[in-house]
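Going down the list, the protein sequences come from chains Y and B.
Numbering-wise, the first sequence is residues 120 to 542 according to our numbering.
Numbering-wise, the second sequence is residues 5 to 255 according to our numbering.
Hints listed in this document are in silico derivations from the structure and should not be mistaken for laboratory results.
Bear in mind the structure is a predicted one, so any value in this text is a computation, not a measurement.
Result set (DSS-like, lysine-lysine): computed pairs, CA atoms no more than 27 angstroms apart in a straight line:
1. B:Lys129 to Y:Lys540
2. B:Lys61 to B:Lys76
3. B:Lys76 to B:Lys125
4. B:Lys173 to B:Lys67
5. Y:Lys540 to B:Lys173
6. B:Lys200 to B:Lys173
7. B:Lys124 to Y:Lys540
8. B:Lys124 to B:Lys76
9. B:Lys190 to Y:Lys540
10. B:Lys129 to Y:Lys210
11. B:Lys124 to Y:Lys207
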Amino acid sequence: MAANNFRHALFCAVVTLIISIPILGLNLEAKGINIILTGAKTSTYVAIVLAAVAVFVFQAYRDSIMGLLGKLPNFNPLADKEPMEQSKRVKLESWILTGIVVLALFWPFVVSRGSVDLATLVLIYVMLALGLNVVVGLAGLLDLGYVAFYAVGAYTFALLSQYTGISFWMALPIGALLAGLTGMILGFPVLRLRGDYLAIVTLGFGEIIRILLNNWTTLTGGPNGIGGIPEPTLFGMEFGRRVKEEGNTSFHETFGIAYSGEHKVIFLYLIALVLAVITALIIRRFMRMPVGRAWEALREDEIAARSLGLSRTAVKLSAFTIGAFFAGFAGTVFASKQGFISPESFVFLESAIILAIVVLGGMGSQLGVILAAIAVTILPELAREFSEYRMLIFGAAMVLMMVWRPQGLLPMRRIHITLNKQE
Amino acid sequence: MLEVQNLSMRFGGLLAVDGVSLDVQEREIVSIIGPNGAGKTTVFNCMSGFYKPSGGKILFEGKEVQGTPDYKISRLGMVRTFQHVRLFTQMSVVENLLVAQHRHLNTNMLAGLLGTPDYKKREQKALDRAAYWLERVGLLDLANRDAGNLAYGQQRRLEIARCMVTEPKLLMLDEPAAGLNPAETKELNQLIVSLKEDYNVSVVLIEHDMSLVMDISDRINVINQGRPLASGTPEEIRQNDDVIKAYLGEA
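Build the full structure now, drawing on both the sequences and the hints.
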């Protein structure tokens, strides 16, 4: 056992050395037209060796270290308490949710413009994560190309506004419906696939859409993207300093207040908030409906579900379509918020982040997913100084979560159903 | 009501089922027995639409149903259980029963989102039916537990209840007594008989527990190595020399 441990620890240390020496210890420098290889500073090498030693020590004494960690006092004050009664918990949850929404309503009027902007982004991610939660968390279909539907929503608005001058409010349903349709179309070929195979194919679809947007230069402008996407209007009132479109009035003039750039930001935030709440409510309703139960049944046991009369085609397609629909929602808001979109906003990393939100939050759990969306979007902004290490911290957080809380922040709980005794 | 004629199923070079015929009348319990690997479950899989048989006919209420997709078969009123219990383990007990009633519910999404009166009425009916069957199999108190946390015998009963809420005409039970203790087997025995007597359901049963089979079957079909060996009443089967040689004698 000890020898085994030792060998394993040695192996880990050597791997650390092999990986970090070329990456950290060797630098490429341009000298004239040639590139030469130079070594790094001595301190870097010392650090690498120290890191290897640290890995070695940790791996060698892993069991006792982990044991010590386990003996630490439990940080969770609720751990010993009896689980709350069902009805009480449901009530508490809905109070918390209402509280969050009310707070969110007043939030933009007390904080800075930057924070409101960030909060809008958070809400977009909330919508995306809630939508993906349907596909991955409820229906159990691992979709790695979810960002494609987000892109469809955003580009629908961008293109329609460019070619037909459509407004945000018209584009919102069209974008969402088109994204949903794309979801359905992409769903057909992958009906038979499960797990890893499904993940690979959806990953491919995500890339196809992005590459298509990137290369169809005549329509989408390719990597240059599309700019000048209009902001939403409030009953024909624009939020700019000057009215851009004929027939519209401007918000500040109508109400006789001084122009402020903040109005627009706050308005967009409120739209995103309303849409996010609508998304959450609709999906929450779906979860309690036959279609929601069918998604879960198919995730749990496809054969049993089919033997009970559920059509795999209908159930899977509905999950894909509804998930994509809300991504389209989010995409339209995103396009309007940015005013400019390019394929760069819809890379695989986005899919990965949305998926990470769903997994971190707890598959199928709405509250968990919302909290995770907030955390994952805000933390990197707070830790701007460490932006170089953002992905590193992100990765470490994921690993720690998988070790300590594989079921996510707030795992999904079953809905309590009261039955009347039958005679 | 069910007639299987000359059914055969080939997997590559292997003829798993060869010329099996059986028929089930209304309110009848028909058993299929045979040694392990005889092809009993394959017959079930063909009947329930999981496999498309290589040859032969399956008639349900006079209509040919061989090769019909599985989910459509169950909508016709032929529902099965599985040799290894297949519940939706992370869903609650009552949700398992609600999923099964998908067909009876108003699945119009808009109606559900708006909560129309018709939708609510059907939902309540489904809940009541679920409650009725949970009570019937003695699981009402556990309605909100995760199905995966039930004891094995309870899972078996839940699986049968899940079939019954679909209001089937024919129930196919694949080794329902496997893994049950004698007391539970006895309860199961009574349950199956009551399904026939009180709910007018025909039952096709695959089972190794001979006392159960002999006790409740109206007729028995014996299969050996994919071929029909004998069929008849329990009394006839018990005295059939071929059967004794192939199966009963060695057991």
